[in-house]
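Asks: Each chain, written out:
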Amino acid sequence: MVCDVCGKSEATVHLTEIINNEVTKLHLCETCAREKASEMEEHFGLAELLSGLADFGVQVESEEMTKLKCPNCGFTYMDFKKIGRLGCGECYEAFKKNLTPLLKRIHGADQHYGKAPIKAQKIIKVRDDIQDIKSRLQKAITMEEFEEAARLRDEIKELEKKMTRKKDKDENR
Amino acid sequence: MKIDDLLNKTSEWLKATGPNSDVVISTRIRLARNVDKVPFSHWANKKQKEEILSLAEEALEKTNILKGASYSRMTDFSELDRQFLIERHLMSPEHAFDPEYKGLIIEPREIISIMVNEEDHFRIQVVQSGFNLRDAWGLINKIDNETNEIINYSYSVKWGYLTACPTNAGTGMRASLMMHLPALVMTKQINKMLQALTKLGIAVRGLYGEGTEALGNFFQISNQVTLGRPEEDIIGNFERIMNKVIMREAQARRSLLMKEKEALSDKIYRTYGTLKNARIITSNETINLMSSIRFGVNMGILADVSIKTVNEIFIMSQPAHLQKLENKILTSDQRDMKRADIIREKLK
Numbered sequence: 001m002v003c004d005v006c007g008k009s010e011a012t013v014h015l016t017e018i019i020n021n022e023v024t025k026l027h028l029c030e031t032c033a034r035e036k037a038s039e040m041e042e043h044f045g046l047a048e049l050l051s052g053l054a055d056f057g058v059q060v061e062s063e064e065m066t067k068l069k070c071p072n073c074g075f076t077y078m079d080f081k082k083i084g085r086l087g088c089g090e091c092y093e094a095f096k097k098n099l100t101p102l103l104k105r106i107h108g109a110d111q112h113y114g115k116a117p118i119k120a121q122k123i124i125k126v127r128d129d130i131q132d133i134k135s136r137l138q139k140a141i142t143m144e145e146f147e148e149a150a151r152l153r154d155e156i157k158e159l160e161k162k163m164t165r166k167k168d169k170d171e172n173r
Numbered sequence: 001m002k003i004d005d006l007l008n009k010t011s012e013w014l015k016a017t018g019p020n021s022d023v024v025i026s027t028r029i030r031l032a033r034n035v036d037k038v039p040f041s042h043w044a045n046k047k048q049k050e051e052i053l054s055l056a057e058e059a060l061e062k063t064n065i066l067k068g069a070s071y072s073r074m075t076d077f078s079e080l081d082r083q084f085l086i087e088r089h090l091m092s093p094e095h096a097f098d099p100e101y102k103g104l105i106i107e108p109r110e111i112i113s114i115m116v117n118e119e120d121h122f123r124i125q126v127v128q129s130g131f132n133l134r135d136a137w138g139l140i141n142k143i144d145n146e147t148n149e150i151i152n153y154s155y156s157v158k159w160g161y162l163t164a165c166p167t168n169a170g171t172g173m174r175a176s177l178m179m180h181l182p183a184l185v186m187t188k189q190i191n192k193m194l195q196a197l198t199k200l201g202i203a204v205r206g207l208y209g210e211g212t213e214a215l216g217n218f219f220q221i222s223n224q225v226t227l228g229r230p231e232e233d234i235i236g237n238f239e240r241i242m243n244k245v246i247m248r249e250a251q252a253r254r255s256l257l258m259k260e261k262e263a264l265s266d267k268i269y270r271t272y273g274t275l276k277n278a279r280i281i282t283s284n285e286t287i288n289l290m291s292s293i294r295f296g297v298n299m300g301i302l303a304d305v306s307i308k309t310v311n312e313i314f315i316m317s318q319p320a321h322l323q324k325l326e327n328k329i330l331t332s333d334q335r336d337m338k339r340a341d342i343i344r345e346k347l348k
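Those sequence lines, one after another, are chains A and B.
Note that the numbering used here has the first sequence beginning at 1, numbered continuously upward.
Note that the numbering used here has the second sequence beginning at 1, numbered continuously upward.
Just chain A, with the same shape it has in the complex (with noise of 0.2 Å):
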């Protein structure tokens, strides 16, 4: 097996680390675990150094990432790493798949909650009564109440739609 960073030497350091559940390998060759084992220290907590961790940890996928490019702006993954800043908002959506592990990494959470603007807090209601209506789904399964259950599940598919249009109608706005 090659280093992941260097891509020439035998990986003889594997190193496994395991996030909010969510498991990254790193195969690393001498020379390169070594450089990753000084950048580990610096990096901790250090917003100024987060290009630096935003590479950390993720599987080098160097030919995907450096075309990745935000279809609103036109900035690319590879700036956001240069200079830790993003594009625009849109930004999140194009870079998701990266951006997802260091923003567990920044705050421990990819979630948010709490405020709303006005324009979102329709979906985000949306979205907390099909919570609301899968729990109870779920408990109506466990009671083998089945009509009731059938009922539910049409009530979520019905809300889901909606929250699809709703989406949908913000977009082409």
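Treat the hints with caution; some may be incorrect.
Unchecked claim - Mimicking DSBU-like on lysine-lysine, the simulated pairs with C-alpha atoms at most 35 Å apart in a straight line are: (1) A:K67 with A:K96; (2) A:K162 with B:K158; (3) B:K37 with A:K122; (4) B:K244 with A:K81; (5) B:K62 with A:K119; (6) B:K308 with B:K15; (7) B:K46 with A:K67; (8) A:K162 with B:K62; (9) B:K328 with B:K9; (10) A:K161 with B:K346; (11) B:K244 with A:K96; (12) A:K134 with A:K67; (13) B:K328 with A:K125; (14) A:K69 with B:K47; (15) B:K47 with A:K82; (16) B:K188 with A:K125; (17) A:K134 with B:K328; (18) A:K96 with B:K158; (19) A:K67 with B:K259; (20) A:K122 with B:K15; (21) B:K37 with A:K69; (22) B:K259 with A:K97; (23) B:K308 with B:K244; (24) B:K308 with B:K267; (25) B:K199 with A:K82; (26) A:K122 with B:K62; (27) B:K259 with B:K188; (28) B:K9 with A:K82; (29) A:K104 with A:K82; (30) B:K67 with A:K122; (31) A:K81 with B:K158; (32) B:K328 with B:K308; (33) B:K46 with A:K96; (34) A:K119 with B:K267.
Treat the hints as calculated values from the structure; they're not laboratory data.
Got chain A; can you put chain B on it based on the hints?
Replies: Chain B only, in chain A's frame:
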């Protein structure tokens, strides 16, 4: 807005009227907000940045809560004025760089300020005197709601408010306290305390924010995490932890007063003597000596000086304030002399 109008009055938060103002000088909350779909300030083109500035003006005109506030472009200010605004904590040092396409909204009591086109399109800030997170949150929440009627903020159901730097995503909220912790420093408990805070996801910085040193036993302490918990939770948690810090400082002050009152009084009165007689004084020396005076006043050792005077000296003795008072550019040596004059005058 005329900067000179601000010069001769005291910011609301410096009046030391808030709760626990012997330990907490001010409470500050800021929200980072951006306009939906528009590139963040560093990536936006001139036209887009102009649009953001116009939105700020529109929000100012149409919201009740910002009534009486004024809007200025950074380019309206001289370099000295910009430095003055930083010293007054109305904007960040970063906001003074590249002044083009940047704006600032200031409300006359200096409780509310909004930086436009800083790292995020809008950085809304509220400052209160003393330890007062609830009021600060109440006010900034209102400003956010009212401006949201006019501005469509960038937001995702998953990641919350979207910000230029992912460290601010989610609530976009940073709550911070400016604390004076001399007794924890003297009793050598401070490092342990700061380490414990860091472990709880709380950041500690110096007097002027990121990357500055902790002069005069002043510390700026703030929440680090912005994503995954509602604003009220973050604030409630922060409040509980900081209550403990305030209690510890108060305990340390009491024990110092019991064990070392004479030595302490001697040190404080000698410092007082220095400040009342100095002819040349640097700003770092001022901060360190005034820290001791502040401590003396709060401990009931020094009765001749009020906390308001102490706070005024802190603000007025800063480089840009001195030069605004003299109405001309001063060299560093000239400033050190002018500073000593003002301090002697205030402590008369």
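Asks: Taking each numbered hint in turn, which are not upheld by the structure, reported in ascending numerical order?
Replies: Numbers 4, 10, 11, 12, 13, 16, 17, 19, 20, 22, 28 and 34 - these are the hints that the structure violates, sorted from lowest upward.
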